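> Sequence:
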Amino acid sequence: MSLLSSMTRDLGIIKRVSINDVRLNNLNFYDYQESVIDSLADSILENGQMENAIAYESTVDSEGQIDGCSYTLLGGHTRYLAICKLYENGMGDGRINISVVEKPNTENDELALIMENNVQRKKSAEVRYNEIQMWSKIYEELEERPRGTKRDWIGSKIGMSGRGVDKVISKIENTSQNQSRRNVQLTQADIIKRLKTNYKSLNRTIELLDRCNCNYMKNDIYKIIAKLNVSAK
Numbered sequence: 022m023s024l025l026s027s028m029t030r031d032l033g034i035i036k037r038v039s040i041n042d043v044r045l046n047n048l049n050f051y052d053y054q055e056s057v058i059d060s061l062a063d064s065i066l067e068n069g070q071m072e073n074a075i076a077y078e079s080t081v082d083s084e085g086q087i088d089g090c091s092y093t094l095l096g097g098h099t100r101y102l103a104i105c106k107l108y109e110n111g112m113g114d115g116r117i118n119i120s121v122v123e124k125p126n127t128e129n130d131e132l133a134l135i136m137e138n139n140v141q142r143k144k145s146a147e148v149r150y151n152e153i154q155m156w157s158k159i160y161e162e163l164e165e166r167p168r169g170t171k172r173d174w175i176g177s178k179i180g181m182s183g184r185g186v187d188k189v190i191s192k193i194e195n196t197s198q199n200q201s202r203r204n205v206q207l208t209q210a211d212i213i214k215r216l217k218t219n220y221k222s223l224n225r226t227i228e229l230l231d232r233c234n235c236n237y238m239k240n241d242i243y244k245i246i247a248k249l250n251v252s253a254k
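Each residue of the sequence shown is one higher than the last, beginning at 22 in my numbering.
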């Protein structure tokens with residue numbers, strides 16, 4: 022099954038199963054805030070589970086080990102965590118409604134489905150950038166490339182324009198480059214070079230002070246120049 026067809030298939034059979042039969046998906050890179058989990062738990066307690074989680078059948082975990090679970094989540098991680106929290110606090114029956122779909126053929130298909138199920142999440146630029154990198158990898162491995170540009174295709178997957186994709190990339194990568202520059206360890210030669218630059222600037226400042234008759238400031242400037250001369254030797 023191709024990636025595109027796997028992402029448009031029916032949601033399959035609906036089951037109500039124990040949370041102990043369901044495992045989280047280790048490919049899911051999203052963070053889940055405790056306040057959001059608590060809010061959803063309150064909603065589920067009052068109104069019941071309004072939307073099904075999505076999972077596929079598997080008796081083994083990502084390492085191929087039998088762990089006692091029967092399903093791996095693709096969507097509804099927050100709902101799962103909320104129901105787990107309710108059950109731990111003695112509320113609810115510890116069961117979750119899931120739509121059971123076919124197991125994705127590849128890791129890329131699985132990752133794509135996880136991201137598709139998180140389109141509506143409120144996300145930081147860093148999370149957006151991570152999504153873009155993931156979708157970019159998936160795009161490069163597609164057997165048949167979709168029409169249009171790569172950036173527009175990625176944008177359609179994460180709910181933004183192609184131009185928005187470029188802006189996110191530029192923002193994160195520029196920030197990373199600036200951080201790298203700040204983390205560069207300065208050498209003694211770098212410091213002396215900066216001191217010499219300051220020395221020239223301060224001498225020009227003395228000339229300006231002479232022009233405006235601001236002699237009261239010159240003594241302080243001379244003291245700084247003297248220190249720079251000593252430090253630069």
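Treat the hints as calculated values from the structure; they're not laboratory data.
It cannot be assumed that every hint is accurate.
[What the hints assert, rightly or not] As a list, the in silico EDC-like pairs of lysine to aspartate or glutamate whose alpha-carbon atoms are at most 20 Å apart:
| no. | residue 1 | residue 2 |
| --- | --- | --- |
| 1 | 158 | 114 |
| 2 | 171 | 123 |
| 3 | 178 | 228 |
| 4 | 244 | 228 |
| 5 | 144 | 88 |
| 6 | 144 | 194 |
| 7 | 124 | 173 |
| 8 | 158 | 130 |
| 9 | 143 | 88 |
| 10 | 143 | 228 |
| 11 | 188 | 173 |
| 12 | 144 | 173 |
| 13 | 143 | 55 |
| 14 | 36 | 55 |
| 15 | 106 | 72 |
| 16 | 36 | 173 |
| 17 | 106 | 131 |
| 18 | 158 | 187 |
| 19 | 36 | 84 |
| 20 | 36 | 52 |
[To be verified] The calculated label-pair distances, taken between Cβ atoms and stated as ranges, are:
| no. | residue 1 | residue 2 | range |
| --- | --- | --- | --- |
| 21 | 184 | 236 | 53 to 61 Å |
| 22 | 63 | 33 | 41 to 49 Å |
| 23 | 147 | 80 | 19 to 27 Å |
No experiment lies behind these values; they were computed from the predicted model shown.
Ideal Cβ placement from N, Cα and C applies to all residues, glycine included.
> Run every hint past the structure and note whether it holds.
For each hint, the structure was consulted:
1. 158 to 114: Violated. Residue 158 to residue 114 sits at ~41 Å, over the 20 Å cutoff.
2. 171 to 123: Roughly 28 Å between the alpha carbons, so the hint for residue 171 and residue 123 is violated.
3. 178 to 228: Judged against 20 Å, a Cα distance of about 62 Å means the pair is violated.
4. 244 to 228: Roughly 15 Å between the alpha carbons, so the hint for residue 244 and residue 228 holds.
5. 144 to 88: Judged against 20 Å, a Cα distance of about 32 Å means the pair is violated.
6. 144 to 194: The hint holds at about 17 Å.
7. 124 to 173: Violated - the C-alpha atoms of residue 173 and residue 124 are around 28 Å apart, more than 20 Å.
8. 158 to 130: Measuring from Cα to Cα gives roughly 11 Å; hence the hint holds.
9. 143 to 88: Not satisfied, since the Cα-Cα distance of roughly 32 Å exceeds 20 Å.
10. 143 to 228: 57 Å, violated
11. 188 to 173: 13 Å, holds
12. 144 to 173: Holds, because 19 Å separates the two Cα atoms, which is no more than 20 Å.
13. 143 to 55: 14 Å, holds
14. 36 to 55: 27 Å, violated
15. 106 to 72: Holds, at roughly 17 Å.
16. 36 to 173: Measuring from Cα to Cα gives roughly 36 Å; hence the hint is violated.
17. 106 to 131: 26 Å, violated
18. 158 to 187: 16 Å, holds
19. 36 to 84: 25 Å, violated
20. 36 to 52: 26 Å, violated
21. 184 to 236: 53 to 61 Å: The hinted range 53 to 61 Å holds for residue 184 and residue 236, with Cβ atoms some 57 Å apart.
22. 63 to 33: 41 to 49 Å: Distance hint for residue 63, residue 33 is violated at roughly 29 Å.
23. 147 to 80: 19 to 27 Å: With a Cβ separation near 35 Å, residue 147 and residue 80 fall outside 19 to 27 Å, so the hint is violated.
When each numbered hint is compared with the structure, violations occur for hints 1, 2, 3, 5, 7, 9, 10, 14, 16, 17, 19, 20, 22, 23.
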